[in-house]
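Residues per chain are reported as follows:
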Amino acid sequence: MSGMAAMSPQRKTSWWKRNQRSIAPWLFLAPGIAMFALYVIWPIFASIWLSFFDWDGLGKKAWVGVGNYVELIDDENFYTSLKNNVIWLLMFMLAVPAGLFMAIFLNQTVTGIRIYKSMFFFPFVISQVVVGLIFSWFYAPGFGLLYQLIEWATGTGIAFLAEPDYVTYALVVAGLWPQIAYCMILYLTGLNNVSPDQIEAARLDGAKGWRMLWHVILPQLRPATFIAVVVTIIGALRSFDIVSIMTDGGPFGSSRVLSYYMYEQALSEYGYRMGYGAAIAVVLFAIMMVFITGFIWKMVGDERGV
Amino acid sequence: MNVSIKSLLLGVSAASLIAFGASAQQRVVRYNADFDAAPLKAFEALIADFETANPDIDVQLTNFDHEGYKTAIRNFLTADSPDLANWYAGNRMAPFVKAGQFQDVTDVWEANGLNEQLASSVGSMTIDGKKWGVPYTYYQWGVYYNKDVYKKAGVTEPKNWAEFVANCEKFKAGGIDCLTTGTKALWPGAGIFDYINLRTNGYAFHMDLTAGKVAWTDAKVKATFAEWAKIQPYITANHAAIDWQDAAALLVQGKAANYVMGNFAVAVFKEGGMTNDTLGFIQFPEITAGVPRAEEAPTDTIHIPAGAKNVADAKKFLAYVASAEAQTKLNAALGQLPTNSKSTVGDDPFLKAGFETVSTAQGVAQFFDRDAPAEMAKAGMEGFQEFMVKPENLDAILERLEKVRAKAYN
Amino acid sequence: MFPKPIEKASPLAQILYKLALPLALVIWLLPLAGVALTSVRPASDLAQGNYFGLPSAFAWRNYVDIFTNTPLASYMRNSVIVTIPTVIGTVALSCMTGFALAVYRFKSNLLLFFMFVAGNFVPFQILMVPVRDLTVQTGLYNTYLGLILFHIAFQTGFCTLFMRNFIKGLPFELIESARVEGVSELRIFWFIVIPLMRPAIAALAVLVFTFIWNEYFWATVLTQGSAVQPVTAGLFSLNGQWIAQWHLVSAGSILAALPPVLMFFFMQKHFIAGLTLGATKG
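Residue numbers (this note's numbering), protein chains in the order written: chain B, 1 to 306; chain C, 1 to 410; chain A, 1 to 282.
Next comes chain B alone, as it looks inside the complex (with noise of 0.2 Å):
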C-alpha cells in the first residue's frame, strides 16, 4: 500500500482521481446492467408489447389490440391453469411447516445426525426432472410403487396422473418432495442461531412444547420463514417442469398451470400462437407480481430498518 502512495505524483490529481468515486460504480456496474437489460428488463416489456399481436412465429405480426385478452377470458383451459395455480400455491405453503418440524425432528446432536440432515436434504440437490422422473415411476399404473402399495391395501391401484381430479395434487407432492428439504435446511440453519439464554428463561417461566414454539422460537425464526415463504411462493408460481416431465398437462389438460400454458401456446407442437401466449405470460407476470411487490416492499423497509 505504502508504495503505491509513493508511486501517486506530485502534480495537480487527474481527472480519474477526482472523479472514480462517482465512476467507479457505474464501472462495476455496466456489465451486469446491460446484461440483465437485454435478458431480463427488455423481454418482459417485449411480451407485455407482444401480448397486443397475433403471430405465429413465422410470418407479420398483426396487431389485435385486447384480442389475446378478450379470448383469454373466455377460454376453459386458462381457468383449468388458474385454479391449478391456485391449488398448487395453497398446498406448496405445507412445505414452510413440514420444513419447520423436519428441522426440529433433525436439530439433535446424536452421532451421525449430520450425515442424517445431509441425506434429508438430498431431495432438492437433485434436478426436477429427475424428481419427475422418479415420481412418475412411483405413480406408474399397473407397476409403480404407490400403486402397487394401494392395490396391496385396498385392492384396486390407482392411476393418479390418469385421472383429472387428482392429478394435480400428485404433482404438488412430487414438488413438494424437494421444497420441503429447502424450507427444512433454512429452518436449521435458523434453528442454529436461536439464543439460548432465551429458551432457558423460558423453560425457567414453565414454557414448553407449542407454547414454546409459539411464542418464543417462532419469533426467532422469522427471517427463515420468510425466505422459506418467498421462495415457496415463487416455486409454486414457477412451477413447470413437473407438469411438463410428468403429464404434459394431461389428461386432456386437467394439470395445466399457466406457465406450462403458456409454453404449450407459444412453442408446443400444436402451438405457435406468440402472441396469445405472451397474454398469458402477462397475466402470470402480474399475478407474481403482487408477490414480488409484497417481498420487496418488506425487503424495503428492512434495509432503511438497517
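Hints in this document: simulated from the structure, not taken from any laboratory.
Nothing here was measured: the structure is a model prediction, and the numbers come from that model.
For every residue, glycine included, the Cβ atom is placed at its ideal position computed from N, Cα and C.
The reader is advised that the hints may include incorrect statements.
Label pairs and their computed distance ranges (CB to CB) [stated by the list, open to error]:
(1) A/23 with B/109: 15 to 21 Å
(2) C/123 with A/92: 56 to 62 Å
(3) B/169 with A/92: 42 to 48 Å
Since chain B is already given, all that's left is putting chains C and A on it; use the hints.
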C-alpha cells in the same frame, strides 16, 4: 477453465466446419431431416445411391431429434435455410406454404410423371393448385390384434362393427381389455376417432370436419361418438397415463385383444415377442353399411425451403426420391409403404396387407392432427381423450370444440 | 437449543428417537431408493414383474448401455460446457455489481438493487418469446453461448443480492483506510475486497453450478438435439425413447443427478451457507 472455454469454442467451430467439409468440385445440397436410427440408415443408403448416380453432387444430411425438429424447422427455415427439409403432407405443411417458406415444385411433378405415379398423394400435396413437396413413404393404420387372445376367448375376426362390439363383451368376461391404447401423448386416441368417424360418416365428412366446414355439434359428429360410446367401457382404463408403447406391451402380454394403430407398431409388438403367427391385422370394421372404405395413411414428405441455395440439385434429389426404384428400396428398409404406385413391397404380411388396404381405399386421410390445423387438432385430441375417460362429458366437450372451431380457421 | 436435547430425555425416548431417525429417512427417500434399485435391475426382472424385490443380479450393464447406445455422454458433456462458463461469468459479474451496490452511495442505488432482486423472481414465461427471438436472430440459437449468456444475465439477479449483502457485512473501515492511503477504487476492489469474498464466491459457485446443471426450461427453449442440449433436456427426450424401459430411465436419472450431488457432499458447508444466507439475520 481453459479447458472449458476451449471446448466451448471447439463446439461452435466444429459445427461450422461440417458445413464446409465438402470437396471443392462438388455442388453441395444441404438436407435437414428428423430420422430415428433405423430410417436414418435407410436414408443414408438412399443418399449414397443418389451420389453414385450424381457424382458431382454432395448431399449433406443434418439429422435432428424427431421431437426437436418440429421446433427446429421454424428456426432454420428463416435463419439458416438448407436446400431440402423433411416435413408432412396435408394441413401440416399449410402454415409453411402460406408463410412462403416452401417452394412450389409442381415442375418436378410434371417433368417426372409424378401426377400419375404418386396419384394417391396428389390431394395431400396440393395447396392452391400447386405441389409443395414430394412424398417418400406412408404407412397404413388398422386394427392389430392378438391371435392367441382371440382363440382363448373363442372369438373370430369381426366382419363388422356389431361383431366387434359383441366380441368386446366376450373379452370383458375373460378379464381382457377389448381395445387398448395409450393416450398420454394424445394422438393415439385420434386414430380411434378418425376410424369410427370415417366408417360412420365417410371420407368427405372427415375432410369437411377437419377443414372446419362442419359444426362439432352436428348430428353426424354425435353419431360418431354414439358408436364410440359402445366400446368406451372396454378400453384400457388407465390409457391417459400410459404411452402407446406401454399399451403395446398389454397386447403382447395378452392383457388386451385389439389395438388401433399405425403399422410402425409392428416392430414394437415383435420386439415384445409376437410373431406373424400370433399378431393379426384387420381393416377397421364397417360401421354404416354402404359408406365407401377410406383409410388413414400419414405421409412423410421432403420440401425445398424458400431460402434454398442449390434449388436445381435439390429438385434432382426430389425426383430421385419420388422414383419407383428408389421408393421400393427405401421402403423395404423402412418397413413402410412406398407412395409410388409403380413400386413393389416385400414379403412382409403386414406390408402386403397395408399396400392392399391403402391402394384399394376410396380415400386416404392423413390423420386428425395432420388434416386439422394445430389449434383444432390439439383441442380435438384432448376432447377425444376426455371422452374416453368421462363419456358423460360429451356435450360439454363438443361445445368446447365448436368454440375452438370458431376461431381456429381464420 | 430447541427442542430439548434428546440426551436429557428418558432412555426409552432416546431409543425411540434413534429408531425413528432411520425409519423416517427410509420413508423420505423411498422413491429415490426405488429408482436407484431399478437402475441396477436387469431388464429381465422388469419383464417378469420383479419390480420391488432385490434385483436377480446387479446389472451395471444398464449404465454401460446408456453410454454406448444413447447420446447421454454428449448431454453430460454439454451440461459441463454450459455450466462452468456460466458459473465463472455469473460470479464475476455479481462480484462487481455487488461491490458497487454495497460500497458506494448514489441516488439510484436502492432502485437498482431491487431491480436485480425483483428480476430474479419474475416468471420465465414473460421472458421466453423475446429471449428466444433475440437468440435466434443473433445466430446463437442452439449454441452453448446462447444458453450461457442468458443464464449469466438471469443468475446475476440473485447473485447480486447475495454478494451485495455479503459485502455489506464486511468491515467498511478496511475500505475507508485504504482510500485515505490513496488506493484507487479498482485496486480496493481487487486487492482488498475480493480476497475477503472468497467464502461468498465459493458458496455462489456451488449454488449456481447446481442451479444451472439442474435447469430445464431454458435448455428446451434455447437448444435442441444432442449436440448442444444439456442433460436435463436430454433426459426428457431420452425418456420419450425409453418408454417402458425403466431400468434405463433410472440409470440415466441417477447419472444426471450425480454431479450436483457430489458437489453438495464435497462442498456442503458452502452450499448451505449460500442457500441460507439471510435465514439468520433480519
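The hints, checked one at a time:
1. Judged by the Cβ atoms, the range 15 to 21 Å given for residue 23 of chain A and residue 109 of chain B holds: they are separated by roughly 19 Å.
2. Separation of residue 123 of chain C from residue 92 of chain A is about 60 Å and conforms to the stated range, judged on CB atoms against 56 to 62 Å.
3. A hinted range of 42 to 48 Å holds for the C-beta pair residue 169 of chain B and residue 92 of chain A, which are about 43 Å apart.
In terms of the numbered hints stated before, the structure departs from none.
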